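Peer 1: Once you've looked at the hints, dock chain B against the given chain A.
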Amino acid sequence: MSSDSKSARSQSRPVITTVLIANRGAIARRIVRACNELGLASVVVFSPADAGAPYLEEASQAYPLTGLRPVESYLDQEQLLQIAQQSGADAVHPGYGFLSENPVFARKVMDAGMVFIGPDPVWLERMGDKVNARRLMAEQGMTTFEGSGLITDIDSAKQAAEQIGFPLVVKPSGGGGGMGMQVVQNVDGLEVALAQAKAVADAAFGNADLYLERWIEKPRHIEYQILADEQGNAMQLYERECSVQRRHQKLIEESPAPGIDAALLGRQAELGASICASLGYNNLGTLETLYSEGETGFLEMNTRIQVEHGVTEEVTGIDLVQQQILLAGGEALPKPVPMVGHAIEVRVYAEDAQTLMPSTGVLGVFQPPSLHGVRIETGYQQGQEVSPYYDALLAKVIAKGNTRAQAIGRVTVALQAFNIQGVQTNVALLVRVLQDSEFLAGNVDTGIVERILLASRKVTAL
Amino acid sequence: MAKQEIESEVTGNVWKVLKSAGDTVAEGEVIMILESMKMEIPIESPAAGTLVDVLVQPEDQVEEDQAVAVLET
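Protein chains in written order, with my numbering: chain A, 1 to 462; chain B, 1 to 73.
Subject to a maximum C-alpha distance of 25 Å in a straight line, what follows is the list of computed DMTMM-like cross-link-like pairs (lysine to aspartate or glutamate):
#, chain 1, residue 1, chain 2, residue 2
1, B, LYS38, A, GLU300
2, B, LYS38, A, GLU288
3, A, LYS198, B, GLU29
4, A, LYS218, A, GLU438
5, B, LYS16, B, GLU59
6, B, LYS38, A, GLU385
7, B, LYS38, A, GLU72
8, B, LYS38, B, GLU9
9, B, LYS38, A, GLU78
10, A, LYS250, B, GLU35
11, A, LYS250, A, GLU300
12, B, LYS38, A, ASP391
13, B, LYS3, B, ASP60
14, B, LYS38, A, ASP129
15, B, LYS19, A, ASP202
16, B, LYS16, A, GLU72
17, B, LYS16, A, ASP202
18, B, LYS38, A, GLU125
19, B, LYS16, A, ASP391
20, B, LYS16, A, ASP352
21, A, LYS250, B, GLU9
22, B, LYS38, A, GLU450
23, A, LYS250, B, GLU40
24, A, LYS108, A, GLU72
These are computed hints drawn from the structure, not numbers from a lab. On a predicted model such as this, the values are computed, not experimentally measured, just so you know.
With the rest of the complex left out, here is chain A:
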């Protein structure tokens, strides 16, 4: 299924000498480092809010963007393309977030004669549509958790429910954020739940469409790292466990995933890689899945580098950002490697550790520790302002150990030694999770942070 544009790309190897980085913060700095290590020139862009960022000095060239808000800066395609031309860039790395999964931008980059460091834009489209992505991967043999089409009446609902089984969840198709969702334990509760969900969905989203999905009580979020070259080959670099989340955003990630049969994880990863190879996917990608009690279901595919790529790098020794650039330049896949040791990443956010409210201000003190087995990725330095315009990620603290316990110990020590003043941080919450007995036992699921926050709230109230 390799498209014409793709085979054309692989016939003449593009030469990458100068990479424009269309991003900011920790990932911009990470890409600068990869360029420096590969001996390539790097071009960074910065909004006025990021004028004090450390990577402006580390890059070969730095160009100012005019606006503060994302639409006037890191999402402004014309401004970015103009800087790309002006700087002599022959490739664009989009990082994560912002324009990284925007097929229109990717095409404009290619139309301007530059390499888009990512998969062919057709993949950004295919995987950007979540319903389509789920159907495509199911056709290729990845398991998905059972779901229905749109529910029209109680009879069709009962029919679909019989197929899915109970408990199940009634979901509005037009909304998100958990609003209108109703968990149904048995067939007797179905009619009432449908009526209630319909009323909420209609009021909240102006769309009363509903569908049914199997209810996963305490899922774990497991994802698989895929690498694919321009010649139709793909490989996998194992799994990442990303269940520790707050507000549906990941907080702690690790590799390998504790407490899950390694053979099952290996089979899923290999299946993912073989599907990517047979479909002609290229460059890096991540398959996100839910796992519950021995079962696994495909969620979506991210067609870019992930925030948490560092844990995979630590256990495999493969530099994923360098690989993105090399693969985009037509290089072959690296040799398969074993997974060695255990790696864990925690995300330090500028937000209150209990209320999770974002916090802005000037980093009067910002001193990442330098410790054995610990790597810190940050786009900030002391004296810099943390503005309200972009996300709250201050730093990623990544630790590697021979065992999970050692990696957890190292990341905890690093957090306690990380001196940050001027903004509120979630460090206290991260340490609470890292010291939680369930977490230490490897019993994680997507509800763990909520339970820990609730427990500490009760203690405060006493």
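Peer 2: For chain B alone, kept in the frame of chain A given last:
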């Protein structure tokens, strides 16, 4: 009848203003939604009462502890 200022807990931008001066509001009712660090932060009424004044409009920048509305209880 006591007047009290409702303050923003965060620095950010006003995204949506849902209530106007003269509206009666219940305790916990959302008056406006701010945007800060890619998060939507609702500002809720601390008590039941009437909004005497709304001091900001969409796109305005607000600072932490800045008064954004006045409530009469």
